[in-house]
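K.L.:
Here are the chains, one letter per residue:
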Amino acid sequence: MEKVILIRYGEIFLKGRNRSYFEKVLLNNCRKALREIPDVNIIRAQGRFFAENYTDEDAVIDALTRVFGLVSISPALKIDGDFEEIAAVSKQMMGEYLDEQAKEQMTFKVESRRADKRFPMDSMTISRELGARLLKAFPQLKVDVHNPDVIFNVEVREHTYLYYKMIPCAGGMPVGSNGKAALLLSGGIDSPVAGWMIAKRGVALTAVHFHSFPYTSDRSKEKVIELARILTRYTGSIRLHVVPFTKIQQELYERCPDEELTILMRRYMMKIAERIAVKEGAAALVTGESIGQVASQTIESLAVTNDAVDMPVFRPLIGFDKIDIMETAEAIGTYETSILPYEDCCTVFTPRHPVTRPKLERILRSEKLIDGETLIQEALDNVEVITL
Amino acid sequence: MKEIYLDHAATTPLVPEVIDAVTDCLKNDYGNPSSLHRLGIRAEKRIKDAKLKVSELIKASPEEILFTSGGTEANNTAILGTAYDKKRRGMHCITTAIEHPSVLEAFSHLESQGYEVNYLPVNRDGVVSPEDIKNCLREDTILVSIMHVNNETGSIQPIKEIGSILNAQKNRPVFHVDAVQSFGKLEILPHFLGIDLMSLSGHKIHGPKGIGALFIRKGVRIQPIIFGGKQEGGLRSGTENIPGITGMGAAAEWTARRKEETPYYLSGLKKMLAEGIKRTLPDAVINGGLKNTAPHILSVSFPGLGGEILLHALEEKGVYVSTGSACSSRSRKYSHVLKALNLDNSTIEGSIRISISYLTTEEEIRSFIPILAETVKRIGRFTRR
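Quick mapping for you: the protein sequence lines, in order, are chains A and Y.
Once you know that position 179 of the first sequence is 179 in the working numbering, the rest is easy, because the numbers rise by one and skip nothing.
Once you know that position 248 of the second sequence is 248 in the working numbering, the rest is easy, because the numbers rise by one and skip nothing.
Hints were generated in silico from the structure; no laboratory data involved.
The beta carbon of each residue, even a glycine, is placed where N, CA and C say it ideally should be.
Careful: at least some of the hints might be erroneous.
20 Å max Cα-Cα, derived EDC-like pairs, lysine to aspartate or glutamate [unchecked claim]:
1. A:K142 - A:E111
2. A:K247 - Y:E374
3. Y:K259 - Y:E17
4. Y:K377 - A:E254
5. A:K322 - A:E336
6. Y:K377 - A:E251
7. A:K109 - A:E84
8. A:K180 - A:D310
9. A:K221 - Y:E316
10. Y:K160 - Y:D132
11. A:K247 - Y:E316
12. A:K247 - Y:E315
13. Y:K317 - A:D218
14. A:K78 - A:E104
15. A:K221 - Y:E315
16. Y:K2 - Y:E316
Chain A is nowhere near these chain Y residues, computed Cβ spacing over 10 Å in every case [to be verified]:
17. E3
18. L26
19. G40
20. E63
21. S112
22. N167
23. L290
24. E308
Computed spacing ranges between beta-carbons, pair by pair [what the hints assert, rightly or not]:
25. Y:G210 - A:V294: 43 to 49 Å
26. A:E259 - Y:Y320: 34 to 40 Å
27. A:Y21 - Y:G210: 52 to 58 Å
28. A:E2 - Y:G238: 46 to 52 Å
29. A:D62 - Y:E316: 39 to 45 Å
30. Y:R124 - A:R352: 28 to 34 Å
31. A:R365 - Y:P303: 34 to 40 Å
32. Y:G210 - A:P168: 56 to 62 Å
33. A:E254 - Y:S346: 17 to 23 Å
34. A:K3 - Y:E316: 52 to 58 Å
35. A:D62 - Y:G289: 57 to 63 Å
36. A:Y97 - Y:R221: 57 to 63 Å
37. A:E254 - Y:E316: 16 to 22 Å
Start from the sequences, fold in the hints, and give me the full structure.
P.N.:
Written out as structure tokens, the structure reads:
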């Protein structure tokens, strides 16, 4: 008898002939997620993965629930033997479960699958016989086939697996199976959530952060590094590019119309991010923008920002309310870090009355008031890359 | 790049003598002073020795020193310990609006327990008026807590006058002084000033962090706020922090050897600093003025500028100072001290604190002035329109 974790994946089945590629990526991602857990072993068998040979079950479960592409996992007992053996172990498991729940009455049903046809009983018989044994052993149990409190599962394969817990996972697709994108990562609440959502669709991330020392402190940079680190728990390794941005802001401040500063700044950020994306082999940009949240996120402003680059720009939060974004941030563990009070002093460069309906031609004219190409090149030459 | 550390009011670097003493203690005297064997006795000797060194610096006796985990615990012990002990006599306390948070928050806790606390205002120089305190005194006043030197502006409070006012009272309240910032910089002798309780900190005088002391005048009773194995006569339970205590003793000894010249040396540097700033940056405002302030703290404001931006820009040049307001795009957190001085918001926002110690050199101040002037001018080009 051995403890194992049964790992199910869903969506990648749909991918026809690519299935084995997706499975390979997913298996590799599971292994990476479990890298820090000693001795654990993952094997692939019959459309499932199994985690074996671990001691800290909670740690394995915690790590696996963050792997995109997994649908659910079940801690199970793996046994070899006849029906009597199955019944004995099942009784023991059910007894432990009922003690844990400590309720006067509970409903259950047994579900069985028999992949190994050499086993003498068919799945219907296994369910019926095991159900009867459990009913007899535990007077507090009642059968309910439609809406049971607990489903006891028996899977007879090469070995037999017994389990009653089904822990939902993140879903989505294996990171790396759908290319790479560059995430514009600020210290705020939105951008980490946007990155998480795109990564969930199987996209690997590289991150770009704009640092305006001394207007933003090294503490705010540390905060962004921490956010990227939290994201890596879902995405695997991320290369974070910290771009020195002060000079561009100062030039814009001195030469361009005040009310256009934010939108001009956004365009320069997009341009720099696009260049980094190309270098990193990323084919799209990801931002945390959502319609109307601030002046630079009106439809008109988004259009002007979008015009700065040729790459597709993904804005997964575009239709989200702030409160929904905050909830997701909490669920994925970035919220607490995002709200840390090391905010920036960039208000110096924030116009009091920013344009909300910028005209592209005017912005393009203003943009030329500074030597953009030289400044972009200088910023790119001084990028600090942090591999997380 | 040569670094210039001008944030000595936040904390001070350890001097080699202290590091050696702590290292020696960590290596050789690891015993628990409560142990009956000789290792315990050796550790206990370390405490006695450190108490003697600290007490000598304030002309008190060693039995009047209680080691704590730092200035915060000393302040908490003094305030809560007195309030709990004197509860039956009265529940009224007096303090000022510019105290350190470890005093203000302790009082705010007492208020939640039903005590009444008066927070006295200060004048534009950051000084409380003894007259105000006199007028506030009541039959049921049990505690007056006033800091000696303010940590943000360096303003010196009239401890002597307040002490004599209290001494003249029939029902004399307990007088607590938070001397964390002045300890080792200005002479403060509790027995000559009517002080009953006085808080001190190790890391402000080149000692280690995590160690401080409370002077408790002989005969003054307070209740403990930490309970356990009844160390220190039950006043502060918990195995004593022997390496920290040794470090604070060594730091006190180091400070004592320089105590005559220290105030003059620091005043000289501060004068040089203030004149240099005034000469190169005529728009600068010295907060709280220069008269009657501690020789090691200078609060200066550049109205219109962001103090935090200036701090980071100086950091880029290897210069470390501190600021009176934290910068933030959503909420502004102004220093309660600078607000109490009635300064306008742009002065508060543009203020930095420059603080020095005996380790600061004339050369450092001389190199600092042009760096500050250049940085202020550079940053000044970019202010919010």
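K.L.:
Regarding G210 of chain Y and P168 of chain A, is the given constraint of 56 to 62 Å on their beta-carbon distance met?
P.N.:
violated, 46 Å
K.L.:
Cβ-Cβ distance between E2 of chain A and G238 of chain Y: within 46 to 52 Å?
P.N.:
This hint holds: roughly 48 Å between Cβ atoms.
K.L.:
For the pair we were handed, K221 of chain A and E316 of chain Y, check the Cα-Cα distance against 20 Å.
P.N.:
Holds - the C-alpha atoms of E316 of chain Y and K221 of chain A are around 15 Å apart, at most 20 Å.
K.L.:
Can the suggested window of 16 to 22 Å be confirmed for the beta-carbon pair E254 of chain A and E316 of chain Y?
P.N.:
holds, 20 Å
K.L.:
Please test the hint of 34 to 40 Å on the beta carbon pair from R365 of chain A and P303 of chain Y.
P.N.:
Taking Cβ atoms as reference, R365 of chain A and P303 of chain Y lie about 35 Å apart, which means the hint holds.
K.L.:
Is the Cβ of N167 of chain Y farther than 10 Å from every Cβ of chain A?
P.N.:
Non-interface label stands for N167 of chain Y: nearest chain A Cβ at 45 Å, farther than 10 Å.
K.L.:
Sort out whether E315 of chain Y lies within 20 Å of K247 of chain A, counting only the CA atoms.
P.N.:
Holds, at roughly 17 Å.
K.L.:
So L26 of chain Y supposedly isn't at the interface. Is its beta-carbon more than 10 Å from every beta-carbon in chain A?
P.N.:
Correct as stated: the minimum Cβ-Cβ distance to chain A is 31 Å, above 10 Å.
K.L.:
Can you let me know if the beta-carbon spacing of E259 of chain A and Y320 of chain Y is within 34 to 40 Å?
P.N.:
For Y320 of chain Y against E259 of chain A, whose Cβ atoms are near 37 Å apart, the range 34 to 40 Å holds.
K.L.:
Indicate whether the distance between the beta carbons of Y97 of chain A and R221 of chain Y respects the range 57 to 63 Å.
P.N.:
With Cβ atoms ~60 Å apart, the hint holds.
K.L.:
Do the alpha carbons of K377 of chain Y and E251 of chain A lie within 20 Å of each other, as the hint requires?
P.N.:
With Cα atoms ~16 Å apart, K377 of chain Y and E251 of chain A stay inside 20 Å; holds.
K.L.:
If you check the beta carbons of D62 of chain A and E316 of chain Y, does the distance land in 39 to 45 Å?
P.N.:
About 41 Å separates the Cβ atoms of D62 of chain A and E316 of chain Y, which means 39 to 45 Å holds.
Violated hints for the displayed structure, listed by number in ascending order: 14, 24 and 32.
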